[in-house]
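Sequential numbering from 1 applies to the sequence shown in the working numbering.
Calculated directly from the structure, the hints in this document are not laboratory data. Possibly wrong hints are sitting among the right ones.
In the EDC-like style, the derived pairs of lysine to aspartate or glutamate whose C-alpha atoms are separated by at most 16 Å in a straight line are [as the list claims (entries may be wrong)]:
#1 Lys48 / Glu33
#2 Lys48 / Glu15
#3 Lys188 / Glu126
#4 Lys99 / Glu116
#5 Lys48 / Glu12
#6 Lys188 / Glu125
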Amino acid sequence: EGDAERLRIRGELVELHLPLVEYLARRFRNRGEWLDDLTQVATIGLIKSIDRFDLDRGVEFSTYATPTIVGEIKRHFRDKGWAVRVPRRLQELKLALTKAVSDLAQGLGRAPTVAELAAHLQMSEEEVLEGLESANAYSTVSLDAPDSGDDDAPAVAESLGIVDDALEGVEYRESLKPLLEQLPPREKRILLLRFFGNMTQSQIATELGISQMHVSRLLARTLTQLREGLTSDE
């Protein structure tokens with residue numbers, strides 16, 4: 001009976017997060033694989049995420065599941081010899097941001113905001129967001145590895161949210177640009193901070209001076225709008 005209940009709950013969680021699965025699978029469309037096949041692979045990643053998720057980590061499930069799902073898709077492509085070359089500019093930007101995050105976090109006692117990183121590095125917030133995304137896209141650092149080689153240092157996942165290796169989020173962002181440009185400035189900023197800046201809804205609320213509930217509603221509405229745009233574009 002216990003196993004049956006666990007399977008029922010897992011099935012409900014899978015159903016609840018299918019939009020996330022479809023959203024991530026679409027990142028890799030037009031690469032010689034059917035979207036339905038990629039969705040099936042992504043669903044396997046979702047199930048693995050559900051089985052491995054630990055509430056005690058204090059991380060939102062979607063934040064935890066996303067790199068696992070994309071990692072499953074990446075393994076699918078790697079099995080077929082798919083590879084990604086990392087642009088040198090993005091490598092340098094990623095290194096600069098990783099150091100800045102570490103330095104600022106030590107001084108502030110918390111993860112720095114995008115605005116603080118931009119001021120520290122004397123670059124635009126847009127460049128910071130691109131760099132954070134490239135870190136997510138191409139890092140091979142373990143989620144549980146210390147950020148600076150010090151065993152007592154916080155794990156990378158806790159400071160910057162660097163995830164699985166060689167994800168092509170940068171290219172995907174290019175395909176999203178026309179849809180992003182249609183968004184109101186505030187909704188666009190929330191989306192970039194949440195997914196490309198790896199900020200929590202609470203951090204976004206603080207940065208924008210609005211409630212977390214308001215952020216949640218705006219984010220949900222924006223994602224629905226983007227999902228409909230991607231679907232109509234297919």
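May I ask which of the numbered hints given earlier this structure violates, with the numbers listed in increasing order? Hint 1 alone not satisfied by this model.
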